[in-house]
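Given next are the chains, with one letter for each unit.
There are 2 protein chains.
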Amino acid sequence: MTRRDFINSTSASYASLLAWGMLPSAPASAMNLPANGRTSEGKGRKVVILGAGLAGMATAYELGKLGYDCTVLEARSRSGGRVWTIRGGTKETEMNGGTDQTCRFEDGLYFNGGAARIPHHHQLTLQYCRELNVPLEIFNGNNEAAYLYNDGGTGDFANRRLRIKEYHNDMRGYTSELLAKALDQSALDQQLTKEDIEKLVDFLKNEGDLNTNHLYKGTNRRGYKAKNEPGAGTAPGEVTDPYGLTDLLRSGFMQPVFYNVGDYIYEQQTTLMQPVGGMDAIPRAFEKKLTGKILFNAPVTELRKTENGVRVVYQKGGKPQELTAEFCVCTLPLPMLKNLESDLSGTVKRAADFVPYIKTGKIGLQFKRRFWEEDDWIYGGISRTNMDINQIWYPSFGFQGKKGVLIGYYNFYSRAEAIGAMPVAEREKLALTQGSKIHPQYPSEFENSFSLAWHRVPYSGGGWATYDDATRRKYYPALLEPDDNIYFAGEHTTYLTAWMAGALTSARRAVEAIHARVGEYTKK
Amino acid sequence: MTRRDFINSTSASYASLLAWGMLPSAPASAMNLPANGRTSEGKGRKVVILGAGLAGMATAYELGKLGYDCTVLEARSRSGGRVWTIRGGTKETEMNGGTDQTCRFEDGLYFNGGAARIPHHHQLTLQYCRELNVPLEIFNGNNEAAYLYNDGGTGDFANRRLRIKEYHNDMRGYTSELLAKALDQSALDQQLTKEDIEKLVDFLKNEGDLNTNHLYKGTNRRGYKAKNEPGAGTAPGEVTDPYGLTDLLRSGFMQPVFYNVGDYIYEQQTTLMQPVGGMDAIPRAFEKKLTGKILFNAPVTELRKTENGVRVVYQKGGKPQELTAEFCVCTLPLPMLKNLESDLSGTVKRAADFVPYIKTGKIGLQFKRRFWEEDDWIYGGISRTNMDINQIWYPSFGFQGKKGVLIGYYNFYSRAEAIGAMPVAEREKLALTQGSKIHPQYPSEFENSFSLAWHRVPYSGGGWATYDDATRRKYYPALLEPDDNIYFAGEHTTYLTAWMAGALTSARRAVEAIHARVGEYTKK
Chain A
1 MTRRDFINST SASYASLLAW GMLPSAPASA MNLPANGRTS EGKGRKVVIL
51 GAGLAGMATA YELGKLGYDC TVLEARSRSG GRVWTIRGGT KETEMNGGTD
101 QTCRFEDGLY FNGGAARIPH HHQLTLQYCR ELNVPLEIFN GNNEAAYLYN
151 DGGTGDFANR RLRIKEYHND MRGYTSELLA KALDQSALDQ QLTKEDIEKL
201 VDFLKNEGDL NTNHLYKGTN RRGYKAKNEP GAGTAPGEVT DPYGLTDLLR
251 SGFMQPVFYN VGDYIYEQQT TLMQPVGGMD AIPRAFEKKL TGKILFNAPV
301 TELRKTENGV RVVYQKGGKP QELTAEFCVC TLPLPMLKNL ESDLSGTVKR
351 AADFVPYIKT GKIGLQFKRR FWEEDDWIYG GISRTNMDIN QIWYPSFGFQ
401 GKKGVLIGYY NFYSRAEAIG AMPVAEREKL ALTQGSKIHP QYPSEFENSF
451 SLAWHRVPYS GGGWATYDDA TRRKYYPALL EPDDNIYFAG EHTTYLTAWM
501 AGALTSARRA VEAIHARVGE YTKK
Chain B
1 MTRRDFINST SASYASLLAW GMLPSAPASA MNLPANGRTS EGKGRKVVIL
51 GAGLAGMATA YELGKLGYDC TVLEARSRSG GRVWTIRGGT KETEMNGGTD
101 QTCRFEDGLY FNGGAARIPH HHQLTLQYCR ELNVPLEIFN GNNEAAYLYN
151 DGGTGDFANR RLRIKEYHND MRGYTSELLA KALDQSALDQ QLTKEDIEKL
201 VDFLKNEGDL NTNHLYKGTN RRGYKAKNEP GAGTAPGEVT DPYGLTDLLR
251 SGFMQPVFYN VGDYIYEQQT TLMQPVGGMD AIPRAFEKKL TGKILFNAPV
301 TELRKTENGV RVVYQKGGKP QELTAEFCVC TLPLPMLKNL ESDLSGTVKR
351 AADFVPYIKT GKIGLQFKRR FWEEDDWIYG GISRTNMDIN QIWYPSFGFQ
401 GKKGVLIGYY NFYSRAEAIG AMPVAEREKL ALTQGSKIHP QYPSEFENSF
451 SLAWHRVPYS GGGWATYDDA TRRKYYPALL EPDDNIYFAG EHTTYLTAWM
501 AGALTSARRA VEAIHARVGE YTKK
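Note that the protein sequences, when read in sequence, are chains A and B.
If you read the first sequence in full-length UniProt numbering, its first letter stands for residue 1, the second for the next number, and so on.
If you read the second sequence in full-length UniProt numbering, its first letter stands for residue 1, the second for the next number, and so on.
One thing to keep in mind: the hints can contain errors.
[What the hints assert, rightly or not] Restricting the straight-line Cα-Cα distance to at most 27 Å, the calculated cross-link-like pairs of lysine-lysine (DSS-like) are:
1) A/Lys289 <-> B/Lys403
2) A/Lys43 <-> A/Lys305
3) B/Lys199 <-> A/Lys181
4) B/Lys338 <-> B/Lys293
5) A/Lys205 <-> B/Lys165
6) A/Lys199 <-> B/Lys205
7) B/Lys181 <-> A/Lys205
8) A/Lys305 <-> A/Lys474
[As the list claims (entries may be wrong)] Which chain A residues stay away from chain B? Per the calculated CB distances, all over 10 Å, these:
9) Gly67
10) Asp107
11) Lys403
[Said to hold, decoys possible] Chain B regions said to be covered by chain A (calculated; three or more residues, Cβ under 8 Å):
12) 167 to 178
13) 377 to 388
Since the hints were derived computationally from the structure, they do not count as laboratory data.
Cβ atoms here follow ideal geometry from the backbone N, Cα and C, with glycine treated the same way.
The task is simple: from the sequences and hints, build the whole structure.
Right under this line is the structure:
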């Protein structure tokens, strides 16, 4: 039986197709570790977990299933760590002399200050949403109607916004035209047969929407003229004119900041998801499963090795408290671990010192009208600019509501550092001034804001771990092995840095490692 | 003051920017016709409206605002016409000996049998959703994780599904490589300067994700190997290998049926929307505003001109009834108008006879598990195939729920005619047999189905009007003018055929025309 015969047979079972490699890996499912022949070998064994972010809570949740006695120490009064939804009443004071902020968004309005999207292939995140009953909706990452805005620069495109769909379709059109021309001239015929070239030219005609002479002359894919959309009666609509290729090439939109990576790169391809009502629905769902196991407002100050395990000192009500356990799972972000008094090994301490974390910031802006929807036809998605604000994110929920909150900047590295160093009032002013160039409705519609600079957020101290080949080689391995009875988890212990899926998969990895070790003990 | 200075000034008002042509047209808004100086000139004037689809109901709603006394005659027991959501309990018997069908979907499951998406630029549809408080969510039209499946054919791609993202990224990669090569060889240098060529090559490197030698060797944009996604610890993930260009060109995927028009064509570009809970939320919202004005189960049998207006004969409780009015707005689809006894002019009758309507069908399939999400990571979007089923639509709601309904075929013309001619049990069998080639989980997960062939659906008789240049020239104009006191509305009287926005804009056009005429009267 050939592969083709096989797949043609509609009676092929799921399992057999899997065996033939014709299906993706089995669906992510609830973690269900075998107890090595005993149901209770985790029972009563004490584990202290540092941090009630996703990594810490997933660890406690999974170890709990196996009977371990877990305590999670959390410095903040909330769970979730860098999974944090900002809404009316949210309070924060950043480190290094930050202003006290209290969010004044209206009921039902919010933005996700940290993690904000779930790729469709992050099956572990999706699995936990399923397991914990977190309802999801689509996060609209790629919106052809959003804008590109090149501030400064020269030429017709300077200081002018254009729709992503205009840029996309023009570039597709011209590049298809050029390649079709090169193929027509047989410039490339050493590589392809005549028939294949014809097929490729046909493809390019569709790809670029070329005319019968293989020329790109614009097309309704890029939109209609204002007030001249197709309509009733005698209104067929009037198509807009394309920009010129040379103009586009000199427009500045080839810079990486404008490059619409979202359509293409793996993590941002459609489909992306978000929990209904805010990303913190995920940590809140974990928290519900861990009643009584999380100590809040309990920052860890010391992490010590003992003969039989670990001893942790933390503050509670202004007083030092102690907790001993057989194992520790430490999920603290490295910028926090760096400053912790500990018996950690030199290699771990060096990783904490030298793995860089990204500086990044966001501001949520509340407007009294959703002008981006009403005036600009933008429902979710991202506008891009070379200004300091970098990106504007439009909310993928509450469509056509009265008011709305958009993310007025989302930036990284030196820009985030510069803006993060400003008082919150100045950040707001910058977001409004620059954003007004893209949306002139800003000044008349703005109501209030809430901003954050993750590198200044207490107990986080950065956006996420950013490895390159050298740091991955030099420091990463130390975080993968237990340091005596101390295990490490968190996005920084994965190849999914920055993502919730990283935190979650790292938790399962730590749980597996501890449980395997306990299994070895109990076999002895 | 230059344009640039102007737009740089953040104090620029919305109105002044509009005047400079820097903003799209003003937001769509509630219709608010001036009453030509009198507030009550519509008052008491009788209008009979044929059909309680969107065109008919919007006409009654807007005329009602102006004081007209409207009665809507609707042949069915429901409003909405071709805006129809199929859920448990939906009953239908198609014309020409159709089987009685009663839908057995579980509570909360449904599919939109007719209109199913709202483009972001269909501002009139969005305006009515706003005005009538219909909450919206995103319709995920373009999903890079959905499949292409080429049935039959030859080569490696025959009878094998691949992810749209694989095809997209491979074709982008190879065409970018080829064009970069042609540019490197200066094959095109008569058109572009050296600097522009360099910029274009830079663009192509990003567009196709080419390596430093400008070659496409595959990239993680197209995905990771099964069970080898990036993960925790020592799992960086393993990228899949690209298909060969020649193989792709010969794969059959250049055929129009596979061409992923959704990314590109204007009506299907992101963002698309849908009402929460089903498209019939829109007709139900109109219906609420028209209490007592719609006569259901009242099929029209005669449309007559009188000295002062119109006389309409309709059936009610098996008996003919009559209704006279000053004006009639006829929104019947042309296949229905064709068979109506009437005094309509010859040009209108010829339009009804000769404007073709598309044959089209859909089937909703209920499965006991959302395997497309759990196993295949597909959350909304469309798979495409050259089989008779043509497309599979995955629901953009109820993500991660227990059961789900997908649309097992959506096809047109001869395929829709052939499948529509089958008994419903055979349609179901065909959808399952062909769909199983893409989703081998079908046989074990299937529960029940509901299918429809719009050309056989009573009181519709077709999908939508399909004009070409000749029919637009020859027949369309007759539908734009009143035939004495009879006005025409419906998607067939617009350049937005097939779309709800067409029905709605046609309604406003009819209202404007009647009200202008009444204004002329009252001035006399």
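query: Holds or violated: are the alpha carbons of B/Lys181 and A/Lys205 at most 27 Å from each other?
result: Roughly 20 Å between the alpha carbons, so the hint for B/Lys181 and A/Lys205 holds.
- prompt: Checking C-beta pairs, does the segment 377 to 388 of chain B have three or more residues closer than 8 Å to chain A?
  reply: Check passed, 5 qualifying residues.
message: Would the non-interface assignment of A/Lys403 survive a Cβ cutoff of 10 Å against chain B?
response: At about 14 Å from chain B, A/Lys403 clears the 10 Å cut-off, so the statement holds.
message: Between the alpha carbons of A/Lys205 and B/Lys165, is the straight-line distance 27 Å or under?
response: Answer holds: A/Lys205 to B/Lys165 is near 20 Å, not above 27 Å.
task: Mind checking the alpha carbons of B/Lys199 and A/Lys181 for me, to see if they're no more than 27 Å apart?
output: It holds: about 19 Å lies between the C-alpha atoms, which stays within 27 Å.
message: Hint check: A/Lys305 vs A/Lys474, CA-CA at most 27 Å. Holds or violated?
response: Distance of about 24 Å is within 27 Å: holds.
query: Given the hinted pair A/Lys199 and B/Lys205, is their alpha-carbon gap at most 27 Å?
result: Holds, at about 23 Å.
message: Please verify the coverage claim for the segment 167 to 178 of chain B: does it have three or more residues whose C-beta sits within 8 Å of some C-beta in chain A?
response: holds (count 6)
- prompt: Does the alpha-carbon distance linking B/Lys338 and B/Lys293 stay inside the 27 Å limit?
  reply: Holds, because 26 Å separates the two Cα atoms, which is no more than 27 Å.
query: Taking C-beta pairs only, is A/Asp107 more than 10 Å away from all of chain B?
result: 16 Å, holds
- request: Decide if the proposed pair is consistent with the structure: A/Lys43 and A/Lys305, CA atoms, cutoff 27 Å inclusive.
  value: Given pair A/Lys43, A/Lys305 holds - Cα atoms ~22 Å apart, limit 27 Å.
- request: Would you check whether the claim that A/Gly67 is not at the interface survives, using Cβ distances to chain B and the 10 Å cut-off?
  value: Per Cβ check, A/Gly67 is outside 10 Å of chain B; nearest 23 Å; holds.
Violation of the numbered hints given earlier is absent; every hint is satisfied by the structure.
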